[in-house]
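Engineer: Chain order of the listed sequences is P and B.
Under our numbering, think of the first position of the first sequence as 1, with each following residue one higher.
Under our numbering, think of the first position of the second sequence as 1, with each following residue one higher.
Hints are supplied without guarantee of correctness; some may be wrong.
[Unchecked claim] Restraint-style ranges between C-beta atoms, simulated for each label pair:
(1) Asn-812(B) with Val-10(P): 42 to 52 Å
(2) Glu-56(P) with Lys-574(B): 19 to 29 Å
(3) Met-170(B) with Ile-12(P): 50 to 60 Å
(4) Ile-16(P) with Lys-127(B): 16 to 26 Å
None of these hints come from the bench; they were simulated from the model.
Glycine residues also receive a C-beta, built at the ideal position from the N, C-alpha and C atoms.
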Amino acid sequence: MKKTHIALLVLIAATIAVLISFMGKLSTYDSVKSAMKKKGKVVSIIAKLDRSYPIEYDAIKNPNYLSFVAADSVGSNMKVVYRKEKPTNLEHSERLVLKGKMDDDHFECSEILMKCPSKYKDDMKQAKKNLEANKQGDQ
Amino acid sequence: MDYTGEHLFPGLLGHFFVTLSLVASLVATFAYFKSVQSKIEVNANSWKNLARAAFITEVASIFAIFAILFFIIYNHFFEYKYAWQHSSRSLEVKYLLSCFWEGQEGSFLLWSIWHSVLGAILIAKAKKWEAPVMTVVSFAQVCLATMIAGIYFFNWRMGSNPFVLLRHEMDAPIFSDPNYLSLIKDGNDLNPLLQNYWMVIHPPVLFLGFASTIVPFAYTIAGLWTKNFGDWTKPALPWALFSAAVLGTGVMMGGAWAYESLSFGGYWAWDPVENASMVPWLVLIAGIHTMLIYKHTGHSLRATHFLFITAFCLVLYSTYLTRSGDLQDTSVHAFTGEGIAVIHLRALFFVFTIPAFIFYAVRYKQIPGIAKEEQTSSREFWMFIGSLIFFLSALFITIATSLPVINKIFGTHFTMGEDVAFSYNRVIIFVAIIIGILTAITQYLKYKETDSKFFRKKIIWPTVISLIVSCAVIAFGNINYQEHGAGFLGAIWFATACSIYAVVANSAYIWLGMKGKLKLSGGSIAHAGFGLMLIGILLSSSKKEVLSWNTSGIFVPLGEGSKERPGENLTLVKGVPTTMGDYNVTYVSDSMHPKKPLWYYNLHFKNKKSSEQFTLTPNAFVNYKGNQGLMANPDARHYWNHDIFTYITSLPDPEKNKDTSSFKPEILKAGDTAFYSNGFYVLEDLVTRDNIPTGGLAPTDKVFMATIKVYSKNKTSYTSRPFLINKGGSLFPFRDTVTSENLIFQLNRVDGNSAQLGVKESNSVLQYLTLKAYKFPFINLLWLGVIVMVTGIAISIVRRIQLNKSSQEIENLTL
């Protein structure tokens, strides 16, 4: 066998080892219920902001404390605590991907990814609303 | 119905050219194909002439489409959906071009334009390779043309045409009015994130990088097709170098854009979109190195084929990833997948990938290789190892980035762990170590085999110098990154040393190996630049400091949410100097853009240790287009060795009115009572503590805390706890607000058991902003490294073209 072949095999084996360890450290998407069963483990939950509860954030008191209630697709609720700044258009988000750990009474969130109507492309619905508003303003 | 005020002619013309470009590129592909397949030279030539005419028509059509679309956007013809959706009247002229890359159609068009330009150069220069290479390029143009065709097949619309009318695309009552255009006052505007000068230049460069990967790919296919294995590497090498230089620049410009206008606090976040554009670059670099091995020794030709095919396929794969919407849950800035069908993007990937790899597999045995194995002392052996590592890290990054795709295929639910960046960094740091060392030593090895004495003699001084420099940097550079333990810190140190080795050894090689001839030293310069980049990345990431630690750099275990480390956000009240790292920062004033809801915040920085003062003006779009919230653009102060970088993270609700009241002094002892407009309050308790067991405070520093019970008229009571820190004689008051009573308490002074309180009743919330600030050290090394690397590659391109020319002349002479 050629030396390059040996090197090839060794490096590919190393890559596979890296990938296995990488896969081992992956977390999973969960629902609120299944996350409850994995307390202390990092999970991602796809949820919606529950607008029937207030969003708690006061930058004067503590700019690093945000708390709100989120509901997943089956309707289970949880209190979410996020110890960073309030993402700017949280109120207008359609969907949230929350990464963090479930604690006893709340979800300790470390990262929020928001799906907003106007992300990269502007939402046509909102644009349409603006158009209609233009029209009404004109008449 | 007749609509008034529409300009339909440009659209008709646009449709015509879109269709023409599709037809012309089809004709070009077919004619070039026939030209390659023709056994008789006369036939081959006439096919080739037809193909050229068709391709030139295609080029003209593409430019016409671009010009017409620009005309529509420039004149604000909002009857066209593209203009309406991506531009507005208030948009500055310099950003009109950016409208092209906000939409799917425009960015595919940009890609086509670059293919056209590259194709035209190939027609002029490629000579005998023209027909097979241009077959591939023309076919790619067919595929891209389908993306903007907008032609219906039964009920399926193929691609998304940029000339469609708004009233055809949207179903709204407004369009029943023949005069609807007069009601559309303005367009939807360009996404504010793209209203940045980097966004004018980054996408064209990146797309040129993407587009140019087709040339080495097309040469590879041409080689397999015409069975001129290996011959194609000569003309393809400068192209591959060009592609690597441009793609690398484009990717790093994206980093610069992210650094200057996105608020994630850095230039690289391992975002899927970033990864997807870097991976082809890694493979391209690997391909260039195996190609050089082939040129000098005849080894690695098969690997070269494989790598150039893969690089191009990865560009297509990244197109699919970023545009299909499949990455929406993981990426901050992926397209949402509107307009062009996912199946269409997948088809684009497979239509090249499957035939190319089948072709490669079929011809694999015929590609010449050398049976004799490489010496371990040879340059080619270690170059091959380096290429392999580049390829494998590309593979790793691709798999990690493709998790959403893997989930889709296998129905799994994997996602990245808590710290996405670290999942990558802990692997890539070892790649940096190995590549650093290989980059340093490989140039000192000779092709085929190296005399060990010779090697030792040459490498000794660069090694000694690097060792000394590295030890100095590690000893005095204060690289102390604790977040992921001692092991990772050790890896950072080691990687830094290896990168320094790469810089020193390659710089030295310009003199030791090339005798100072810069024209011949493109490789060494590029490698040194790459080393500088690595050092810049390692230092800026591991020494990045948060300046805006809340509570003035002092962590006081009080209040809600403080059981963890202090947060990274700091709130500045207008006019109140606040301590932040080495600076006292004051939010002085703000102002607004005359045309847009873009606010500028003047923050005055005053260094506590020196007399240095400066103002940073981060800005933010506030309540843009009816969307509440803000989109912040950072501002940075640049020093030669670090940047002070800040951006706004939160603002008060601007609907609340301005604050006019001030703090009223009140001197109270514990147990005393005082009145306010809506009730009274009692100073219940006054505590003094020293020896606070947390960081930042000396044992003699004190914390005073007042406990105030507020009784309002409506019989509710609240507890408020303002506190005051005495740090080495300086006083830092921390207010507490009873929001529902509009009361703000501030502890100004404590003398024995009496406290001087400041009490404010305010109808409005204070004017304030919340920000994050970082100190980024050595970020300039990264940018410098990129420039040096690209310069080095450019020198190599010039040299390779010259070499090809002179070898061509020799060939001509001998014929």
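Engineer: So, for every hint listed, does it hold in this structure?
Structural biologist: Going down the list of hints, with the structure as the test:
no. : hint                                  : result
1   : Asn-812(B) with Val-10(P): 42 to 52 Å : 47 Å, holds
2   : Glu-56(P) with Lys-574(B): 19 to 29 Å : 24 Å, holds
3   : Met-170(B) with Ile-12(P): 50 to 60 Å : 52 Å, holds
4   : Ile-16(P) with Lys-127(B): 16 to 26 Å : 44 Å, violated
Hint violations for this structure: number 4 only, all remaining hints satisfied.
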